[in-house]
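Protein chains: 2
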Amino acid sequence: MTTPQRPYNFSAGPAALPEEVLQQAAADMLSWQGSGMSVLEMSHRGKEFISIAEQAETDLRDILSVPANYKILFMQGGAIAENAILPMNLSEGGQTDYVVTGSWSQKSAKEARKYCQVNVAATNEADKHTRLPNFGSWQLSDDAAYVHVCSNETIHGVEMHELPDLASLGSKAPLVIDCSSHIASRPIDWSRVGVAYAGAQKNIGPAGLTLVILREDLLGRALPITPSGFDYQIVADHESMYNTPPTYAWYLAGLVFQWIKRQQEGELSGLAAIEARNIAKADLLYGYIDGSGFYENRVGADCRSRMNIPFFLKNEAHNDAFLAQAKAAGLLQLKGHKSVGGMRASIYNAMPLAGVQALVDFMKDFAQRHG
Amino acid sequence: MTTPQRPYNFSAGPAALPEEVLQQAAADMLSWQGSGMSVLEMSHRGKEFISIAEQAETDLRDILSVPANYKILFMQGGAIAENAILPMNLSEGGQTDYVVTGSWSQKSAKEARKYCQVNVAATNEADKHTRLPNFGSWQLSDDAAYVHVCSNETIHGVEMHELPDLASLGSKAPLVIDCSSHIASRPIDWSRVGVAYAGAQKNIGPAGLTLVILREDLLGRALPITPSGFDYQIVADHESMYNTPPTYAWYLAGLVFQWIKRQQEGELSGLAAIEARNIAKADLLYGYIDGSGFYENRVGADCRSRMNIPFFLKNEAHNDAFLAQAKAAGLLQLKGHKSVGGMRASIYNAMPLAGVQALVDFMKDFAQRHG
Numbered sequence: 322m323t324t325p326q327r328p329y330n331f332s333a334g335p336a337a338l339p340e341e342v343l344q345q346a347a348a349d350m351l352s353w354q355g356s357g358m359s360v361l362e363m364s365h366r367g368k369e370f371i372s373i374a375e376q377a378e379t380d381l382r383d384i385l386s387v388p389a390n391y392k393i394l395f396m397q398g399g400a401i402a403e404n405a406i407l408p409m410n411l412s413e414g415g416q417t418d419y420v421v422t423g424s425w426s427q428k429s430a431k432e433a434r435k436y437c438q439v440n441v442a443a444t445n446e447a448d449k450h451t452r453l454p455n456f457g458s459w460q461l462s463d464d465a466a467y468v469h470v471c472s473n474e475t476i477h478g479v480e481m482h483e484l485p486d487l488a489s490l491g492s493k494a495p496l497v498i499d500c501s502s503h504i505a506s507r508p509i510d511w512s513r514v515g516v517a518y519a520g521a522q523k524n525i526g527p528a529g530l531t532l533v534i535l536r537e538d539l540l541g542r543a544l545p546i547t548p549s550g551f552d553y554q555i556v557a558d559h560e561s562m563y564n565t566p567p568t569y570a571w572y573l574a575g576l577v578f579q580w581i582k583r584q585q586e587g588e589l590s591g592l593a594a595i596e597a598r599n600i601a602k603a604d605l606l607y608g609y610i611d612g613s614g615f616y617e618n619r620v621g622a623d624c625r626s627r628m629n630i631p632f633f634l635k636n637e638a639h640n641d642a643f644l645a646q647a648k649a650a651g652l653l654q655l656k657g658h659k660s661v662g663g664m665r666a667s668i669y670n671a672m673p674l675a676g677v678q679a680l681v682d683f684m685k686d687f688a689q690r691h692g
Numbered sequence: 322m323t324t325p326q327r328p329y330n331f332s333a334g335p336a337a338l339p340e341e342v343l344q345q346a347a348a349d350m351l352s353w354q355g356s357g358m359s360v361l362e363m364s365h366r367g368k369e370f371i372s373i374a375e376q377a378e379t380d381l382r383d384i385l386s387v388p389a390n391y392k393i394l395f396m397q398g399g400a401i402a403e404n405a406i407l408p409m410n411l412s413e414g415g416q417t418d419y420v421v422t423g424s425w426s427q428k429s430a431k432e433a434r435k436y437c438q439v440n441v442a443a444t445n446e447a448d449k450h451t452r453l454p455n456f457g458s459w460q461l462s463d464d465a466a467y468v469h470v471c472s473n474e475t476i477h478g479v480e481m482h483e484l485p486d487l488a489s490l491g492s493k494a495p496l497v498i499d500c501s502s503h504i505a506s507r508p509i510d511w512s513r514v515g516v517a518y519a520g521a522q523k524n525i526g527p528a529g530l531t532l533v534i535l536r537e538d539l540l541g542r543a544l545p546i547t548p549s550g551f552d553y554q555i556v557a558d559h560e561s562m563y564n565t566p567p568t569y570a571w572y573l574a575g576l577v578f579q580w581i582k583r584q585q586e587g588e589l590s591g592l593a594a595i596e597a598r599n600i601a602k603a604d605l606l607y608g609y610i611d612g613s614g615f616y617e618n619r620v621g622a623d624c625r626s627r628m629n630i631p632f633f634l635k636n637e638a639h640n641d642a643f644l645a646q647a648k649a650a651g652l653l654q655l656k657g658h659k660s661v662g663g664m665r666a667s668i669y670n671a672m673p674l675a676g677v678q679a680l681v682d683f684m685k686d687f688a689q690r691h692g
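For the protein sequence lines, the chains are A and B, in the order given. Throughout the first sequence, residue numbering follows the working numbering, covering 322 to 692 in sequence. Throughout the second sequence, residue numbering follows the working numbering, covering 322 to 692 in sequence.
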């Protein structure tokens, strides 16, 4: 349970962590499991850290039901680095398809142009990134090395609640998803995914760790200019220890994975419990916003993100007062991204339902006082 | 002071941290300075983290006397990623000079060949990386974009106690130093250095953070294939926040910098105190090894590292017993790198003189019992 003195933190990332995870990290700081070493001080080649690393990978594979023919890589650089690392590893300098649904996929497409031919197969720019283009409208290439989507747009609050079945759309390419801001918030249908990558600093834990989960047959295609430390084949061959991995971030991610596995909601446990809670949290907040008359969310009902909920005060003259009073009420980091404006509540896995309820209660009260 | 229950950790990296730093990190874990947030949970755009980041940079600039016309970048990927990122940013695809003095500089030279012409200006391979080639013997190119050295070879235990003055050697190129394993252990003569880079996991703190300190006139030369997140100009223009930085590692580095500034040895303080202590530690260990008759160090006397001290039992049949008994005596991670064999004691800034004394006492005792 969140203790009274800790406010609710709605940061889009780096973001709130489960308090149990922080308590464990504090308790382990001077000596991990009687080893006399902080995890920060362990050689990545030593048996202590290798046990931590292997357990984290096993737990993540379990939580996300990652098939045996997919590798899990623990890398660095975040999704922004992956925007380059991915085409270096997968495009072979040829044709690729990008679906643009917000700032993040736009950035990905732009960066990829350094390494390959980029076809923008669909874009929701005309809708100001508030709707998702129907799968049927995507103009896919005949010979793309891959099709890239951002399955949850952190800034615009647009989420793909179903991933496309590319084969049914006439493409033989593997689907690549940037799932940074909703990984581990719901299951992934691996039958539709070739590569999933995610910066860790939203649902997994610390900034500075990047997860790449990819089908083994996609390894070994790197361009000669790919840095060795970012060549998926080399990283995979060295169990993510070709360069010194971000060991402490890996350990913290492992604590988060164990926390996910412990979660219960009624009959549900683990990721299913997390997903049910995320649905309940999102329903509570969207439901209140839509009925309020004071606030609004502008994203299409079928693609509203469960994780990142941008919203606006209909009278934006109250914005500063809203933020100041929210902070005073223990509700932190609600300011919207500068490119969208307004407010944004990021309600990742670590945000309890009570935190969303506290936000809704505050919003109601604020609306009454300023309506 | 190190409490009795914490053993001495001689890991080459990730490596021991000052206990005061770990205690501070544990105390801050649930709420940094009354903010109600762990540093792990802070947006990198928020005023709390920006204050942490700026203080760390200011302190490092102070400790290392970094001139105002040098940028300090907080990056990711470690020295192995820098082996590619550096030539991407600085070679302009042309000629470069590399001095090979051990495994690390060898790796750097090999990786650079993907991006530019590499001239190996000198190598100590014939000496099995135990001597440093005289500056006068270096065969420098007329038109190199830079000259690269590894100023402390972690694996072979070879350190440059003076950096070359390239102008006096007839080169107009800037000197680039990979100083990963001795940064902040001694001053850097910036009049001789264009770029210094270092993985943080030896003397600075956590794995997953890479420092790049470079003269401003060297910015803006990146090859078009450079990933945006690793383009020095872009990173510098965004105060190391173009992508989400490894925020917690940055914070921990800041705690280490503050610890360095607090150090006192007699009249000396800060980095001068650290350096004096490092000299005393190295003298103690080398002095004992050389006089022991039981152990030996094979590195030339003029280039022995103060940080990484590889040594051998003259009778290697005792190696396993040495390691097992050392561990039982609270002296951890003394096994040498597999490419060199024998033992290695890494005695970075965080290792107190008492730790080296404990090692020497154990080595004496072991020699008596097995001599």
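It is possible that part of the hints are untrue.
It does not matter which identical chain is meant; a pair holds if it fits inside one copy or across any two.
[Unchecked claim] Straight-line C-alpha distance at most 25 Å; calculated DMTMM-like pairs for lysine to aspartate or glutamate:
hint : residue 1 : residue 2
1    : Lys648    : Glu375
2    : Lys582    : Asp448
3    : Lys368    : Glu586
4    : Lys493    : Asp380
5    : Lys449    : Glu637
6    : Lys493    : Asp604
If you're looking for bench data, these hints aren't it; they were derived computationally from the structure.
So, going through the hints one by one against the coordinates:
no. : hint            : verdict
1   : Lys648 x Glu375 : between (40 Å within a copy, 24 Å between copies)
2   : Lys582 x Asp448 : neither (38 Å within a copy, 54 Å between copies)
3   : Lys368 x Glu586 : neither (35 Å within a copy, 36 Å between copies)
4   : Lys493 x Asp380 : neither (31 Å within a copy, 54 Å between copies)
5   : Lys449 x Glu637 : within (19 Å within a copy, 70 Å between copies)
6   : Lys493 x Asp604 : neither (36 Å within a copy, 65 Å between copies)
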